[in-house]
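Trainee: Single-letter residue listing:
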Amino acid sequence: MSANLTKQIFRPYTGEKARITRAYDYLILVLALFLFIGSFHLHFALTVGDWDFWIDWKDRQWWPLVTPLMGITFPAAVQAVMWEKFRLPFGATLCVTALLIGTWITRVFAYHYWNYFPINMVLPATMLPGALVLDAILMLSNSLTITAIFGGAAFALLFYPSNWPILGMFHEPIEYGNGQLTVADLFGFQYIRTGMPEYLRIIERGTLRTYGQYAAPLAAFCSALLCSLMYTLWWYIGKWFATVRYLNKI
Amino acid sequence: MKTLLIKSVVSLSLILSLYALNIQTVMAHGEKALEPFIRMRTIQWYDVQWSKQKFTVNEEISVSGKFHVAEDWPVSVPKPDAAFLNISTPGPVLIRTERFLNGKPYVNSVALQPGGDYSFKVVLKGRLPGRYHIHPFFNLKDAGQVMGPGVWLEVSGNADDFRNEVKTINGEVINMETYGLSNGIFWHVFWGALAAAWLLWWVRRPLFIARYRMLQAGLEDELVTQQDKHIGKAILIGVPIFVLASNWMTISEYPKAIPLQAALDQILPLSAQVNAGMVDVDTLKAEYRIPERAMTFLVKINNRSDKPIQVGELAVANVRFLNKELAMPSQDNTDRMIAPDGLTLADATPIQPGEERTMTIIAKDALWESERLDGLIRDSDSRIGGLLFFYDGLVGERFISSITAAVIPKFN
Numbered sequence: 001m002s003a004n005l006t007k008q009i010f011r012p013y014t015g016e017k018a019r020i021t022r023a024y025d026y027l028i029l030v031l032a033l034f035l036f037i038g039s040f041h042l043h044f045a046l047t048v049g050d051w052d053f054w055i056d057w058k059d060r061q062w063w064p065l066v067t068p069l070m071g072i073t074f075p076a077a078v079q080a081v082m083w084e085k086f087r088l089p090f091g092a093t094l095c096v097t098a099l100l101i102g103t104w105i106t107r108v109f110a111y112h113y114w115n116y117f118p119i120n121m122v123l124p125a126t127m128l129p130g131a132l133v134l135d136a137i138l139m140l141s142n143s144l145t146i147t148a149i150f151g152g153a154a155f156a157l158l159f160y161p162s163n164w165p166i167l168g169m170f171h172e173p174i175e176y177g178n179g180q181l182t183v184a185d186l187f188g189f190q191y192i193r194t195g196m197p198e199y200l201r202i203i204e205r206g207t208l209r210t211y212g213q214y215a216a217p218l219a220a221f222c223s224a225l226l227c228s229l230m231y232t233l234w235w236y237i238g239k240w241f242a243t244v245r246y247l248n249k250i
Numbered sequence: 001m002k003t004l005l006i007k008s009v010v011s012l013s014l015i016l017s018l019y020a021l022n023i024q025t026v027m028a029h030g031e032k033a034l035e036p037f038i039r040m041r042t043i044q045w046y047d048v049q050w051s052k053q054k055f056t057v058n059e060e061i062s063v064s065g066k067f068h069v070a071e072d073w074p075v076s077v078p079k080p081d082a083a084f085l086n087i088s089t090p091g092p093v094l095i096r097t098e099r100f101l102n103g104k105p106y107v108n109s110v111a112l113q114p115g116g117d118y119s120f121k122v123v124l125k126g127r128l129p130g131r132y133h134i135h136p137f138f139n140l141k142d143a144g145q146v147m148g149p150g151v152w153l154e155v156s157g158n159a160d161d162f163r164n165e166v167k168t169i170n171g172e173v174i175n176m177e178t179y180g181l182s183n184g185i186f187w188h189v190f191w192g193a194l195a196a197a198w199l200l201w202w203v204r205r206p207l208f209i210a211r212y213r214m215l216q217a218g219l220e221d222e223l224v225t226q227q228d229k230h231i232g233k234a235i236l237i238g239v240p241i242f243v244l245a246s247n248w249m250t251i252s253e254y255p256k257a258i259p260l261q262a263a264l265d266q267i268l269p270l271s272a273q274v275n276a277g278m279v280d281v282d283t284l285k286a287e288y289r290i291p292e293r294a295m296t297f298l299v300k301i302n303n304r305s306d307k308p309i310q311v312g313e314l315a316v317a318n319v320r321f322l323n324k325e326l327a328m329p330s331q332d333n334t335d336r337m338i339a340p341d342g343l344t345l346a347d348a349t350p351i352q353p354g355e356e357r358t359m360t361i362i363a364k365d366a367l368w369e370s371e372r373l374d375g376l377i378r379d380s381d382s383r384i385g386g387l388l389f390f391y392d393g394l395v396g397e398r399f400i401s402s403i404t405a406a407v408i409p410k411f412n
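Protein sequence lines, in the order shown, are assigned to chains A and B. Residues in the first sequence are numbered from 1 upward in steps of one, following our numbering. Residues in the second sequence are numbered from 1 upward in steps of one, following our numbering.
Read the hints as simulated data drawn from the structure, not as lab findings. Hints should not be assumed to be uniformly reliable.
As the list claims (entries may be wrong) - Only pairs whose alpha carbons sit at most 30 Å apart, straight line, appear in this in silico DSS-like list of lysine-lysine:
(1) B:LYS307 / B:LYS324
(2) B:LYS285 / B:LYS364
(3) B:LYS54 / B:LYS125
(4) B:LYS54 / B:LYS66
(5) A:LYS85 / B:LYS229
(6) A:LYS239 / B:LYS125
(7) A:LYS239 / B:LYS285
(8) A:LYS85 / B:LYS233
Stated by the list, open to error - DEER-style ranges, computed between Cβ atoms:
(9) B:ARG131 / A:LEU229: 52 to 58 Å
(10) A:PHE221 / B:ALA196: 26 to 32 Å
(11) B:SER182 / A:TYR113: 15 to 21 Å
(12) B:LYS104 / A:GLY49: 50 to 56 Å
(13) A:GLN213 / B:LEU284: 54 to 60 Å
(14) A:TYR113 / B:LYS104: 33 to 39 Å
Ideal placement from N, C-alpha and C gives every residue a C-beta, glycine not left out.
Isolated chain B, as found in the complex (with noise of 0.2 Å):
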């Protein structure tokens, strides 16, 4: 007994002594989680765009930008036939009000076509007072979450002052807060109160032991008795005749009733936006030294622009490898991994119009181990995909190419 008792106040005293731990509140929503190469490979984001990062209650804000989905989409990734653009966030703080893709609006699951092109916008609506770390991010159907840059989101202001009103095809303005919570609870306390009087009925009378003696003794016909009976009738006619009325009578009260609603929206890809035709980008050998931490490309360009290019820009998941030689201004204010000077070229002389070049491209950042993309050389699929920006160094015109490769890991 005494051992017992030390056991018990040792136990309790370790579980006590985390609450004096500082302990920090969890601030990620396994955005790294995900293996390198679905990450790398499926929705390949860019230029996403927060329109504000400090807002109040009932204010809406947007979230925009673009993805390229991945040609090179892993073999054991299903295909993106029902892909679902969400937001992160820690339930309804925000509201979606209304979401763009393409510029079309559209509500439910979408099939998005490898190779394609798209824009995408989200508009929200401050709900509750507080400071999250949001997201977009793809829900892919059997795939999982593709997170996309996030931010942190300020929002001010009272929760009680929150309104949500839409309108009905019949004219009526509901609020979406509290629309038909009162008439639920009516009819749970409606059902609720004459269960409770079923149970009532027999739980005043002895239950259990003197019911189980008089059972064995043949006396069942005094256990249930006529008035019983009558009020067991009483619910077997009832009730039936009463839920079908109350049914008949919410039918009639909303006749335009329609099922849920679960199409799949169909929204065409852009025009090509990435390989788009003027670089072509063909990644001959990708070899990723882990003691620098640098991914080494061999790729060759095809420049069918008429304007001199060069490489400004690497972006692999959400991480951006820059060339700091060629400052150009971003598109992008999330707060996405930067590598401000990740990225070096062995030759960073402009690539003339119609010039062929192949040259080696290094994109070397600890950035690679801290977002965990190193780990594709520990996957069963260790090909890397992400996307080159080109920028014309005199107007600033952008050239988007994706690149993709097998990486070979060089240990020393």
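Just chain A, with the same shape it has in the complex (with noise of 0.2 Å):
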């Protein structure tokens, strides 16, 4: 097609050309939207899976180091294609926001209609601020090197501060049991979970201790150092697995 087409014989197309291609743009992207729902969702539920699903395992630890570092993996691999081949910024967000589309609907109707759960129990967290950011870092260095280290390290560091607004309010302190609690963990002690013990959360275990009581920044570092390897692997993930032949053949 145009692979050998320079700057002084392009020729935009015009008409009927015109239309099919934006049809055939339409096309794409609803596919990709319901891509996005399904395969991005079945990843993250799978590898995320109780840290997202659960406002009690929403831990200042191991919630802001895991989240992202799965999180970036699909954002990296769509940007990789829609950035490459197309110069289109929007492959991170279009990503978390196809991912949100699928947890809002698995949350209401699959928690709260089908298995009864309080949504504010099961409220999903959000990572399109470090999305919105990934892309415009990548848009204005055009630089996997620079997107990796800078948009990876921002993707990871803003995700805890963007949903403290979101949680804050369900980590306030009550008096229970002779104890105390978060309203968080009083959720997982009244809404009864049968599979769902409470020693199954990991909340701040393991040796990657707090500094000064300090767990959630040092978390949210390590996953941004994390997160600027985990975004190269990813980017070239998709860049192996993307091809643009059949466009060739248009």
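Fit chain to chain and form the complex, with the hints in mind.
Mentor: Now the structure itself:
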């Protein structure tokens, strides 16, 4: 097709050709939306899982470490395709939006209407601020290296503070059963989950201990470093598994 | 094409025909699925009682009882260093408002001691009307669920009437059903609107084929305009500033926020209720006769109490084998499986104070098979465990001893 075109002989499509290419745009967009709603949501449920499902799993150590690390995967891969082939800087935002659409559908219909959990107990986290910044950095830098280092880091570092306005109120203390709980912990105690005993939660466990009781920033910076690496890995996964050879036949 | 059509119609018909069958709703939740040696030799429940089985939305009921943590804990099951007393429900149709172990309120998981005796109480509140089969049970870390005896509960009333209000340490009364929901939705809608605006900003112009052609033609500069870059810079600066500002405002609004609490509760066992030193039982041998569905125990009983005693009951897993010659009032009002005349004694005369007697006890009933306890003989750990209940026939005083032995199958 246009692989050998130069600026001098390039002619944009007009008329029927333009209409068909536009229809093709919408076709691909709708398909991509459903593909990412399904695949990214499945990937996220299998990797982040309970950390995103339940309000009493969103701790300040593992949740901000695991969620951006698993959440930057599809955005990186889709950005690789969208940017390298089309100079479209919305891969991350598209993926995370699709993820949230899928997440909200399951939280409302599966968790609330089917399994009776109050929706506030299963509020999802948002990664949209990080995704917007990731897209903006890619567009402005046009560089994998800069996007991986600064975009990946921003994606991780913005995660916890952008979700704290949603979750902060669930960390209000309550005196309950001769002990201290957060409102989030109380959800886990009161709203019975047969297959989810309390001890399954991974709350501030392991050797990644806090410094001066500041667990969240430490976890976020650790996640930032790992996200830079994960971004690069998934960029190349996206690049290797994507092709535009069918476009060349048009 | 015709073959494909026929196959499709036949497949669809087969699927639809399933709906015509009278398929019963599943009424169990895997109580019998766990290997029998785990059900019999981990948590040994007894005296489980429900305060009420018919109640309304918002009404509180309780389930209470006792359990003995088996001394002969299976080697293949991790020790109960983290256990969670749970309630099997089809979702939160009830909420758990209070829970006590040995009279102490506790919320998180707890470490249990093999050989220890515990009493429990769980207070539940009706949330959704319906009829549910509910069990107390223990989630044992790395081992699974050990079910206690269950009952059918009927919750009547209107789900919309349910209220669950709690008071925070600040004195604020919050409704758990709606707390933080509108705030959460607001932030998701807010960021979703920004994301949608960013996506629409790009989607409004020709996308894939047109841009691919331009990129190949070296017109990259025209694909990302100065205006796009201005918007990108605004996002790059504005989004982090806004995130940090909203985060700071939330911290200011909730200065007393604490991290999630995940401490393991430590509650010591009661003084010995089982094997309390009054009646010692040593299980010498256990044989299971498969055709008769009968477990025969040879036991040596030493009555160290000052009362004559008789064997009244053998409890294994959630099955009770009763000695019909010794009718004692039950302290259990659950749907527990009972073999009313399942226990036979070779010598039914009372064991006198100070007497040591070696005797045969036979627990015989089809429940061994229907409750899938006879699967023990096919397990890698084919040891049985249970509780033997002795009664003083005069005043009804009860003594409980645990029994445990390897089981020898008899096939004919």
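Trainee: If a hint holds in the structure, say so; if it does not, say that too.
Mentor: The hints, checked one at a time:
| no. | hint | in the structure |
| --- | --- | --- |
| 1 | B:LYS307 / B:LYS324 | 21 Å, holds |
| 2 | B:LYS285 / B:LYS364 | 16 Å, holds |
| 3 | B:LYS54 / B:LYS125 | 12 Å, holds |
| 4 | B:LYS54 / B:LYS66 | 23 Å, holds |
| 5 | A:LYS85 / B:LYS229 | 19 Å, holds |
| 6 | A:LYS239 / B:LYS125 | 54 Å, violated |
| 7 | A:LYS239 / B:LYS285 | 69 Å, violated |
| 8 | A:LYS85 / B:LYS233 | 23 Å, holds |
| 9 | B:ARG131 / A:LEU229: 52 to 58 Å | 54 Å, holds |
| 10 | A:PHE221 / B:ALA196: 26 to 32 Å | 31 Å, holds |
| 11 | B:SER182 / A:TYR113: 15 to 21 Å | 19 Å, holds |
| 12 | B:LYS104 / A:GLY49: 50 to 56 Å | 32 Å, violated |
| 13 | A:GLN213 / B:LEU284: 54 to 60 Å | 58 Å, holds |
| 14 | A:TYR113 / B:LYS104: 33 to 39 Å | 37 Å, holds |
Comparing the model with each earlier hint shows violations of hints 6, 7, 12; every other hint is respected.
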